[in-house]
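Novice: Here is how the chains run, residue by residue.
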Amino acid sequence: MIQTDILIIGAGPVGLFTVFEAGLLKLKCHLVDSIGQPGGQLTEIYPKKPIYDIPGYPSVLAADLIDNLLEQIAPFNPTFTLGERAEKLEKINDKLFKVTTSKGTEIVSPVVAIAGGLGSFEPRKPPIDNIADFEDNGIDYIIKDPEKYRNKKVLVAGGGDSALDWSIVLADIAAEVALLHRRTSFRGAPDSVEKVMNLAKIGKINLITNAQAIGLNGNGVLKDVIIEEDNKVPYSYEVDYFIPLFGLAPKLGPIADWGLEIEDNAIKVDTYDYGTNIPGIYAIGDINTYPGKLKLILCGFHEGTLMVQSAFKRIYPDQKLSFKYTTVTGITGFGEK
Amino acid sequence: MENIITVTVIDREDQTHVLEAPTDMAMNMMEVCKSYNLPVEGTCGGMALCASCHMYILSDHDLPEPSEDEEDMLDQAFYVKVNSRLGCQIKITEAVEGLKVKLAPIGGA
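For the record, the sequence lines run as chains A and B. Going by numbering that gives the first Met the number 0, the first residue of the first sequence is number 0, and it counts up by one from there. Going by numbering that gives the first Met the number 0, the first residue of the second sequence is number 0, and it counts up by one from there.
The shape of chain A in the complex, shown without the other chains (with noise of 0.2 Å):
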């Protein structure tokens, strides 16, 4: 079990400079994230976008400003659990929440920050009504070890990296690899998709394009997928294992169901604090709503930088606090006199 004084559920740049706001107040935080890396959508979705109203940049790439933010919080050893998605929440006490995560890692702390953004990033899954019947049984979104697809029939569907990338690596393994796009043209590094036109050629993928998944044909486990192409009847089209590849989309998940007042897909707070209904548990960055919010990295820092203080008050309610400048005091890291 992990204890710290603030787990910050997101790691996008919210979550991250509130670690050091709350490192000068000599509170220690843990993130969790779904996403294997720090950055949230900076580096998920945008990486090389400049980003033009950080204050003090007038410009900046998004996955810079994630690096230039770890390098910032780095003296206040924040810990990470990555890649697993906050599931449940508990109340131990008055005093302690309990965090598990969707691989069973449990962390307690007196106060819990929700930096979220716009919620977890899950794959996106084709509008096919019965297509939850066959996920695991036939339909994977997400290739964890390319073995499985040995010697079996497969079709890959999507136009970008990663639909290109996994079809020329299972072309090599699959006794049939098939690529589903609906145009003819694919986004993606030029190099794959020469890759993916010149085993086309020489029969190792089937392209099929200007095409795209409209049904599901099997008794539990999937047995053909139902093809709609330009200017033909739609055909099925046999298959072990259909894997649907479009990116990755973001939803509110868990955070739903813990009893937090929720408007709009957003979580209500108070703007002394941005507290939430629930003493103890915090909204801060674009995951939160109130009068008058504007979903900015630059207000999620100043959202994150109050919040510290009433987290502060809560975890120490008889310590005063007294505000202090860095350009006074400097950094003094975790582990320094």
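It should be emphasised that the hints constitute simulated quantities derived from the structure, not laboratory data. A couple of the hints might just be wrong.
For each label pair, taking beta carbons as the anchor points, the in silico distance ranges come out as [claimed, not checked]:
| id | chain 1 | residue 1 | chain 2 | residue 2 | range |
| --- | --- | --- | --- | --- | --- |
| 1 | A | Glu89 | B | Glu64 | 36 to 42 Å |
| 2 | A | Pro316 | B | Thr7 | 54 to 60 Å |
| 3 | A | Ser235 | B | Ser58 | 52 to 58 Å |
| 4 | B | Glu64 | A | Pro49 | 23 to 29 Å |
| 5 | A | Val232 | B | Ser58 | 27 to 33 Å |
| 6 | B | Thr7 | A | Asn230 | 27 to 33 Å |
| 7 | B | His60 | A | Thr183 | 23 to 29 Å |
| 8 | A | Asn67 | B | His60 | 52 to 58 Å |
Bear in mind the structure is a predicted one, so any value in this text is a computation, not a measurement. From the three backbone atoms N, C-alpha and C, an ideal C-beta is built for every residue, glycine too.
Place chain B on chain A using the hints.
Specialist: Okay, now just chain B, sitting in the frame of chain A:
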């Protein structure tokens, strides 16, 4: 009125909404829908990065071709048709006066 155009949006329950939109505020169709509280999420804030403002163009306006970024994002959307566009990439200008769109189904995402 000056600098105001009218666009028509059909929602997912087939209700028709006639909306007025200013041409001098650098708005796009996603933002116009949101400002009228129509159920368009616009999760990514208009960067062509989420496809939550997927809509079908019903009128025969000659819109600028979708960028590669927009096409890429439509690759990750569902129910994509030949007249599919991302609302965030349709700028509100005089050229789209009378535009008529239908919101694409949510789902799958």
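Novice: Now look at each hint and say whether the structure bears it out.
Specialist: Status of each hint after checking the structure:
no.: 1; hint: Glu89/A with Glu64/B: 36 to 42 Å; result: violated, 53 Å
no.: 2; hint: Pro316/A with Thr7/B: 54 to 60 Å; result: holds, 58 Å
no.: 3; hint: Ser235/A with Ser58/B: 52 to 58 Å; result: violated, 37 Å
no.: 4; hint: Glu64/B with Pro49/A: 23 to 29 Å; result: holds, 24 Å
no.: 5; hint: Val232/A with Ser58/B: 27 to 33 Å; result: holds, 30 Å
no.: 6; hint: Thr7/B with Asn230/A: 27 to 33 Å; result: holds, 31 Å
no.: 7; hint: His60/B with Thr183/A: 23 to 29 Å; result: holds, 25 Å
no.: 8; hint: Asn67/A with His60/B: 52 to 58 Å; result: violated, 44 Å
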